[in-house]
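**Q** Since the structure of chain H is already known, use the hints to place chain A on it.
Each chain is listed here by its residues.
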Amino acid sequence: MAAISPQATFEGDIFSAPLVHTDSNLLTCMEPDYKPFIPANSLRRMTRLLKMGLTTALQSIRDSGVEAIGPIVTGTGKGSLQDTEKFIREIEQYKETALNPTPFIQSTYNSVNGLIALQVKGTAYNNTFVHRGFSFENALLDSMMLLAEGAPNTLTGALEEMTAEHFYIKSRIGFWKSAPTDSRRLYDQLSPGSIGGEGATFFVLTGTPTPDSKAAVTGFKMLYKPTAAKVAAGLTEFKDGIDLVLTGRNGDSRYEHFYQQADALFPGVPQLSFKHLCGEHDTAGAFGMWLAAQILHTQRVPAQWFPMVKELPAVVNRVLLYNHFYGEQHTAIVLERV
Amino acid sequence: MAERVFITGMGMITAIGDNVAENLDQLRQQRSGLGYTSYIDTIYKEVLPVAEVKHPNDALSALAGITPREGYTRTTLLGLTAMREALQQAGITDVQTAPTGFINASTVGGMCDTEKVYFDIVDPAKSGTFLQYIDTLDCADCTQRIADTVGFSEHIATISTACSSSANALMFGARMIKQGFLPRMVCGGTEALTRFTLNGFNSLKNVDKQFCRPFDQQRTGLNLGEGAAYLVLESESFARANNSRILAEFTGYCNANEAFHPTSPSPDGDGAYEAMKAALAMSGRTLEEVDYINVHGTATLNNDVSEGKALERLFGNNVPLFSSTKPFTGHTLAAAGAIEAIYAVLAIQQGLIFPNLNFKEKMEELNIAPVTELMEGVSVNNVISNSFGFGGNNASLVISKYEG
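Each protein sequence line maps, in turn, to chains H and A.
For the first sequence, position 84 matches number 84 in full-length UniProt numbering, and the numbering has no gaps at all.
For the second sequence, position 45 matches number 45 in full-length UniProt numbering, and the numbering has no gaps at all.
It is worth saying that the hints were derived from the structure and are not from the lab.
Here the structure is a predicted model, which is why all the values come from computation and not from measurement.
Check each hint, because a few of them may be wrong.
[What the hints assert, rightly or not] Stretches of chain H that chain A covers, calculated by requiring three or more beta carbons in the stretch to come under 8 angstroms of a beta carbon on chain A:
#1 39-45
#2 71-78
#3 100-108
#4 127-133
#5 198-207
#6 305-318
[Unchecked claim] Residues from chain A that keep clear of chain H, each with C-beta distances beyond 10 angstroms, as calculated:
#7 L131
#8 L287
#9 L321
#10 G377
#11 V378
C-beta atoms are modelled at their ideal positions from N, C-alpha and C, and glycine is treated no differently.
The following block holds chain H by itself, in its conformation from the complex (with noise of 0.2 angstroms):
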């Protein structure tokens, strides 16, 4: 697996790499270099996202031992910005002439899967789901469906990101916070909205353990605008031997009390957040489940990364993650040690 994200998930050491914070609202990758993944020539090209999906992508395939990759599932809740914003801005200035198809194609939802195909000469299925909290939830159901007909092994991620001009339109229903945040305190400061964030977090997937895997799916479920009462009932299937939740929690006062259920539901089992490192995003539930199996894989928690944690747990064998995008796509996963 491999996660580009606004810390130091790409390259490095989790453990010793300091918590990268903000007070602008908005938390931004940090971008490895790109030329050992991206001939220089297509590197030009190529609009953030796309860089981003397919180096973290390539990473994923390195760092899983796996020779030959099979399906590539994506979950993308807005696809490339950039390029969107970009071939409307042309329509408009150029008056619908002469204008680069390039922007028009990278806008595409699937072009990032279409990319990583090329790259690894992936003739295997490939798909892309874009449905906000539940984009990358699908990819992963889609790639545990494939797992269970035989496929040998999946590509499955998740990318999102964030512009200037996105991250204003957003500003205009709610979606941040109004006044400016230290991503540190997110969680002492409840107030609507919550800090925008991005990422790109690739997992390659198989149906048995290999040496190199880092932890294993064993529960899964997602629920589409669901009542309090079922979220909790949805919780408490998952509850048998659960020693770590991590729960998506953002500081939106609006939201909150889905959370705080959760705590009730789970009282004395630790507890870690991680939007405050990713900020908030359609895919954000990708960060979490690398962030929950860096976790079962090393039985290290990045300290550092949780000063507001007094006590970190010290064995972790199940982890429950619950996330939710803004009240609507509800999302649990269960994850166990390998």
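**A** Chain A in isolation, oriented as in the chain H frame:
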């Protein structure tokens, strides 16, 4: 053993009709839906033909069964219209009576409406009701509005794989049924014409200024279209217990990537060949048992060579009857796979092979030519329906006559 998957309801709206019956009638009368746009603000208004649904948004709201309101984009209204018919045809008055999933597809979501107000949205000096369209841009917006209006609360998803999107939605739904997640799924796609996509394809120099001519030697590109279509899929056990009227069986499918080029298919049609071959193998049908192929047939220079070569490679000298229905509906992008899947069911039910309009001259690269006249009284038992898209995405579906 995995459940068989049956088609038990269909609903659609395209440039040739507001429902399945009107579409069938126009196909029979060989009447194209191509013309010029009444609703898009573009300099190509009278230059580039499109296959537009012949109603303004207010009239679409009525068809969709809702009062006109802010935030309901044309994409949503088209989808809702098709959805209502699909549910009605399947005898579903309330989707809550049995666990029912909804897999939708779209390529540019609510762009049709957001592109009109985009520069107001990004201008801090402006405010107004247009702000209600901010969140309609993404592809999940139309899915959720359709889901909320008709009451889907089980699994929902939105797929965007360019022009193969709704074929992949059908596939995903069928797989969820086979794996026992849900007994009933409604799958398809919705797509409204936009200035964005029209300029996008035009910038790629593959839009024809004349009405498109799939598989013709003189073809010079596609015409865009809009529309929506949904199919109700049910597991065999559910359909039997529910006493559902079974319209056809969804026997095979394949999604394969070509890994050749971001926007062009390989010259020999490797992806198309693989997709058709694997879908057919899954259906358990032989090459000889395929009676009709509704080809992707966009009429672009590349697609038709590539798809034609794939047909010749797979079927040798016995390529089945085939045609592209794009001259009727235009290329409806994400909705195309579901629209054409319904045409496949109609071909089976009615014993029809639809003509490939505007075809005159065989392509020099191919030995084969499409059907050009409407054929009636044909025994159609198995149809392959192809949808291929940007990013190397190839999807083939096999739809078969229901036989007990």
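**Q** Now tell me, hint by hint, if it's right for this structure.
**A** Hint-by-hint comparison with the structure:
Under a criterion of three residues with beta carbons nearer than 8 angstroms to beta carbons of chain A, the stated coverage of the segment 39-45 of chain H fails, only 0 such residues being counted. A stretch counts as covered by a chain when three or more of its residues have a beta carbon under 8 angstroms from one of that chain; for the segment 71-78 of chain H and chain A the count is 3, and the coverage holds. Only residues whose beta carbon comes within less than 8 angstroms of a beta carbon in chain A count, and the segment 100-108 of chain H has 6; three or more means the coverage holds. By the rule of at least three residues with a Cβ nearer than 8 angstroms to a Cβ of chain A, the coverage given for the segment 127-133 of chain H holds, with 6 such residues.
Only residues whose C-beta sits within less than 8 angstroms of a C-beta in chain A count toward coverage, and the segment 198-207 of chain H has 0 of them, not enough to reach three; the restraint is violated. Restraint check on the segment 305-318 of chain H versus chain A: 0 residues with Cβ-Cβ distances below 8 angstroms, three needed, restraint violated. At roughly 6 angstroms from the closest C-beta of chain H, the C-beta of A:L131 falls inside 10 angstroms, breaking its exclusion from the interface. With a least beta-carbon separation of about 22 angstroms from chain H, A:L287 lies farther than 10 angstroms from that chain, consistent with its non-interface assignment.
With a cut of 10 angstroms on Cβ distances, A:L321 stays outside the contact zone with chain H, its closest approach being about 29 angstroms. For A:G377, the requirement that its beta carbon stay farther than 10 angstroms from each beta carbon of chain H is met, with the minimum near 38 angstroms. Even its closest Cβ contact with chain H, about 33 angstroms, leaves A:V378 beyond 10 angstroms, as expected for a residue assigned away from the interface.
Hints 1, 5, 6, 7 from the earlier list are contradicted by this structure; the remaining hints agree with it.
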